[in-house]
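Student: Residue-level listing of the chains:
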Amino acid sequence: MERAIEIEPDEQRLADMLAIAEHRDQAALVRLFDHYVPKVRAFCLAAQPGANLMADDIAQEVMIRIWNKAHTYKPESASLNTWVFTLARNARIDYLRKNSRHQSDIDPEYLWQNVVDENADPFKDAQQKRDQERIQQGLEKLPADQKQVLAKVYLEGKTHKEAAEELSLPLGTIKSRVRLALHKLTIYVKR
Amino acid sequence: MINYHPSIEILTDYAAGSLPLAHSLCVSTHLERCQECQQQIRKLEMLGAHLFDRTHTDSRQLSNLKDSFFEKLNAQVEQKNESLSVEEEPVEIDWDNYVIPNSLRQFIKKSYDDLNWMRLSPSFKIATLYNEEGGAQIALTRVKAGAHMPTHTHTGDEITLVLEGAFSDESGVYRQGDFINRDASHKHKPIVTKDAECICLTVLDAPIEFTGWLTRLLNPLIRRYHPHSS
Chain A
1 MERAIEIEPD
11 EQRLADMLAI
21 AEHRDQAALV
31 RLFDHYVPKV
41 RAFCLAAQPG
51 ANLMADDIAQ
61 EVMIRIWNKA
71 HTYKPESASL
81 NTWVFTLARN
91 ARIDYLRKNS
101 RHQSDIDPEY
111 LWQNVVDENA
121 DPFKDAQQKR
131 DQERIQQGLE
141 KLPADQKQVL
151 AKVYLEGKTH
161 KEAAEELSLP
171 LGTIKSRVRL
181 ALHKLTIYVK
191 R
Chain B
1 MINYHPSIEI
11 LTDYAAGSLP
21 LAHSLCVSTH
31 LERCQECQQQ
41 IRKLEMLGAH
51 LFDRTHTDSR
61 QLSNLKDSFF
71 EKLNAQVEQK
81 NESLSVEEEP
91 VEIDWDNYVI
101 PNSLRQFIKK
111 SYDDLNWMRL
121 SPSFKIATLY
131 NEEGGAQIAL
141 TRVKAGAHMP
151 THTHTGDEIT
161 LVLEGAFSDE
171 SGVYRQGDFI
181 NRDASHKHKP
191 IVTKDAECIC
201 LTVLDAPIEF
211 TGWLTRLLNP
221 LIRRYHPHSS
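Protein sequences, first through last, are from chains A and B.
The first sequence runs 1 to 191 under the UniProt record's numbering.
The second sequence runs 1 to 230 under the UniProt record's numbering.
Honestly, the hints are just simulated from the structure, not real lab data.
Where a beta carbon is used, it is the ideal one built from N, C-alpha and C, also for glycine.
Hints may be right or wrong, so weigh each one.
[Claimed, not checked] So the derived label-pair ranges between C-beta atoms look like this: (1) G172/A / Q176/B: 24 to 34 Å; (2) R54/B / L18/A: 21 to 31 Å; (3) Q48/A / V173/B: 37 to 47 Å; (4) H183/A / N97/B: 33 to 43 Å.
[What the hints assert, rightly or not] Beyond 12 Å from chain B on every Cβ pair, some chain A residues (computed): (5) Q12; (6) A19; (7) D145.
Can you make the complete structure from the sequences, with help from the hints?
Tutor: Following this line, the structure appears as structure tokens:
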């Protein structure tokens with residue numbers, strides 16, 4: 001039941017992206033703002049609880065990037081959610097490197113540019129949908145301890161090592177929880 | 001054919017954005033050559049997107065933020081539209097026909113030869129790309145065909161990425177695109193293959209230490225150039 005309701009907003013958002021890319025439609029950007037800004041803020045607050053100003057800055061930066069880069073978004077190579085997640089991730093990295101104690105001159109723009117871009121290919125499109133579904137369904141079934149570690153790494157921006165320290169667990173336990181989770185989601189197949 | 005890849009932990013931290021930037025630089029350079037890891041990253045980013053989508057949506061009133069955002073946006077739109085174009089840097093090829101990876105373009109504009117190389121022996125040169133404050137040293141090493149690097153141990157973690165040529169040590173042969181992660185306990189003596197010179201990107205969390213009786217004299221010099229010493 002719920003799924004039927006969810007699909008439509010997704011399509012609306014895709015249409016909004018197209019409207020922004022093709023005729024700079026600000027009403028479309030307003031709709032994306034309402035949907036994504038609370039998520040981006042929550043994503044930032046997970047890493048830095050209470051840092052509302054930082055969350056506001058990063059959320060605005062993500063919206064600016066959506067506006068400026070709308071024409072580079074290719075629906076066939078990544079879902080809109082994935083694309084916005086990578087924008088939020090990169091904006092957060094950029095903010096932290098400019099404002100943290102250990103400033104770095106390494107520009108993250110150079111480091112994540114080549115990953116999402118892939119040529120359109122109907123086979124890949126189908127593969128991508130399959131992967132999406134597996135991940136979405138698998139995530140529901142993961143045990144709480146595995147979900148917790150994934151949240152630490154992805155949302156709180158902790159490395160495996162930092163997650164181990166915070167949960168007072170051996171690094172090996174963290175590693176195996178992540179591996180088990182990735183295995184169940186069929187993301188990781190041992191080489 | 002690439003045989004050595006970053007571990008799944010490193011790839012996950014990279015996709016999540018929690019990996020230190022110096023290490024991310026090596027992963028990114030590897031990805032430019034490795035389709036297999038690109039696929040892995042694509043899936044890891046999908047997972048990130050699902051977790052991102054499930055964040056507990058923050059319920060704060062955002063109308064002020066929204067107003068100020070659209071004010072700024074309109075100012076930007078009026079100011080100039082040409083700034084919207086994406087900057088594209090031309091791919092430049094140096095006279096050795098080496099193509100500089102995209103990830104390194106921020107440090108190397110044209111050619112490996114333009115870098116400030118420091119000669120440590122007749123066959124071994126090193127050029128620092130960047131020293132992170134209180135962090136890692138990012139450098140290129142350039143070793144002549146058939147030459148060997150002095151035996152050394154690591155005092156911290158070291159990531160090596162083969163950019164050009166190939167080298168081998170006790171554990172294997174490493175070719176273009178290979179990603180090698182060594183920890184502090186490792187002591188090795190790499191030899192470059194005879195057909196071509198070898199250029200590697202290295203990220204050192206702490207200075208390496210030479211263990212040969214003569215090359216030990218180089219240690220103070222190496223330490224001086226590592227950011228941890230300052």
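Student: When you take the CB atoms of H183/A and N97/B, is the distance between them in 33 to 43 Å?
Tutor: Between H183/A and N97/B, where Cβ atoms are some 42 Å apart, the hint holds.
Student: Taking the CB of R54/B and the CB of L18/A, does the distance hold inside 21 to 31 Å?
Tutor: 26 Å, holds
Student: Test the statement that D145/A is away from the interface with chain B: the closest C-beta pair must be farther apart than 12 Å.
Tutor: D145/A clear of chain B: closest Cβ-Cβ about 15 Å, beyond 12 Å.
Student: That 37 to 47 Å hint for Q48/A and V173/B (C-beta), does it hold up?
Tutor: Since Q48/A and V173/B have Cβ atoms about 44 Å apart, the given range 37 to 47 Å holds.
Student: Test the statement that A19/A is away from the interface with chain B: the closest C-beta pair must be farther apart than 12 Å.
Tutor: Nearest chain B Cβ is 15 Å from A19/A, so the label holds.
Student: For Q12/A, is the shortest beta carbon distance to chain B beyond 12 Å?
Tutor: At about 15 Å from chain B, Q12/A clears the 12 Å cut-off, so the statement holds.
Student: Are G172/A and Q176/B spaced within 24 to 34 Å by their CB atoms?
Tutor: Since the Cβ atoms of G172/A and Q176/B sit about 32 Å apart, the hinted range of 24 to 34 Å holds.
Checked against the numbered hints above, the structure breaks none of them.
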